[in-house]
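Asker: Plus 347 on top of the position in the sequence shown (first one is 1) and you've got this note's numbering.
Some hints could be false.
The calculated lysine to aspartate or glutamate pairs, modelled on DMTMM-like cross-linking and capped at a C-alpha distance of 20 Å, are [as the list claims (entries may be wrong)]: (1) Lys-433 / Glu-497; (2) Lys-525 / Glu-564; (3) Lys-525 / Asp-540; (4) Lys-525 / Asp-479; (5) Lys-496 / Glu-524; (6) Lys-706 / Glu-422; (7) Lys-706 / Glu-684; (8) Lys-496 / Asp-364.
Read the hints as simulated data drawn from the structure, not as lab findings.
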Amino acid sequence: MSTIKEARTSLLEVSLDRPFLAGGLYMVSSVPHVLLRLRDGDGTEGVSYLYTHSHLLIRSLRTLLEDMTALTVGEDPMDIEAIRAKLRLATNWGGPGGVVMAALATVDVALWDLKGKLLGQPLYRMLGGFRDRVPTYASGALWRNFSLKELQEAASRFVQQGFRAMKLRLGSEPSAEKEVERMRVVREAVGPDVDVMVDINQTWTPHQAVRIGRMLEEHNLYWLEDPVDHQDVRGSARVAHAITAPVTAGEYHWGMPPLRVLLENEAVDILMVDLMRVGGITDWMKAAGMAEGFRVPVASHICPEVLCHTVAAVPNGLTVEYMPWSFRILEEPPKVEKGMLVLPQHPGTGVRLDERAVKQYAVQ
């Protein structure tokens, strides 16, 4: 029997190639990470990390994570549900949300990584093994602060890199016409055969979403993501029923209960599940199974190096968001071939840290 002998955390500040405007509100030039390593007595290590745009929260997250992981020492890493129950009880977890859920999710990912390494199996095979490559779309370059020319250039680069789908952020222009103009520019740059998703990050009213969504459909809109406030379930349902393109939402919700509400109210056509907010790999898979019961596909939110496994493991997995925020600390980023993300065959998540980069980005 394997036993967890040590839990260690470290704080990283991973720089980005170019700053972006987050949610139309503030510029982000780096992404703070908390790195977790769970090690058994033989030295096998389960690795995980969480990140947030908030430099204010990251140290609180690390402190909580250190206290929680101390409770895993002496436990069998195969007993993931039992360890999760222990951590929930220790934190008086009465409902989903906030730093407790994010920390729990980080422990959960490290446990799955350690379990896969101990069993000698890649994560996607342990979770179901439905396929060994999944559709993916480029994310993290078509930002709101880009000029029209920059959008054209970035979109063209994605195509040259082999992507067959990409995501554009809208929601900050002063008129519907200017919003649609940005979509038109991207569509002209990539041609008719590349899928273009649009993410609004909750900034429109239902009326705006219906009106502008219909205008975007004229440029072959693949999906409309988070068009309204995530708590406005009726508004999201109104948009989903009024436009032809699928409405995608779910990333802002903590835990599974609100995802069920979205499904029950037909407020989404595609359910997007966030790794940290839902509670880790364990609950991501449960959410995917719940969505399958409603005949709804699931898509991942950021963390492609981990969530490629969950999307590949389930029959209703649709696509993986290829977001490169952590790639600088990896030995190699996820591999993309002809618009498909190729699943790593290394045991566990397949995440292998570049220790020199980890040291470079380490902060006190």
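Asker: Decide if the proposed pair is consistent with the structure: Lys-496 and Asp-364, CA atoms, cutoff 20 Å inclusive.
Answerer: holds, 18 Å
Asker: Is the hinted pair Lys-433 and Glu-497 satisfied, with a Cα-Cα distance of at most 20 Å?
Answerer: Violated - the C-alpha atoms of Glu-497 and Lys-433 are around 49 Å apart, more than 20 Å.
Asker: Within a Cα-Cα threshold of 20 Å, do Lys-525 and Asp-479 meet the stated pairing?
Answerer: violated, 40 Å
Asker: Between Lys-706 and Glu-684, does the CA-CA distance stay at or below 20 Å?
Answerer: Given pair Lys-706, Glu-684 is violated - Cα atoms ~31 Å apart, limit 20 Å.
Asker: Are the Cα atoms of Lys-496 and Glu-524 separated by 20 Å or less?
Answerer: holds, 17 Å
Asker: Holds or violated: Lys-525 and Glu-564, Cα atoms, limit 20 Å.
Answerer: holds, 15 Å
Asker: Does Asp-540 sit within 20 Å of Lys-525, going by the straight-line distance between their CA atoms?
Answerer: Given pair Lys-525, Asp-540 is violated - Cα atoms ~23 Å apart, limit 20 Å.
Asker: Assess, step by step, whether the Cα of Lys-706 is no farther than 20 Å from the Cα of Glu-422, and give holds or violated.
Answerer: The hint is violated at about 29 Å.
Of the hints listed earlier, those the structure fails to meet are numbers 1, 3, 4, 6, 7, in rising order.
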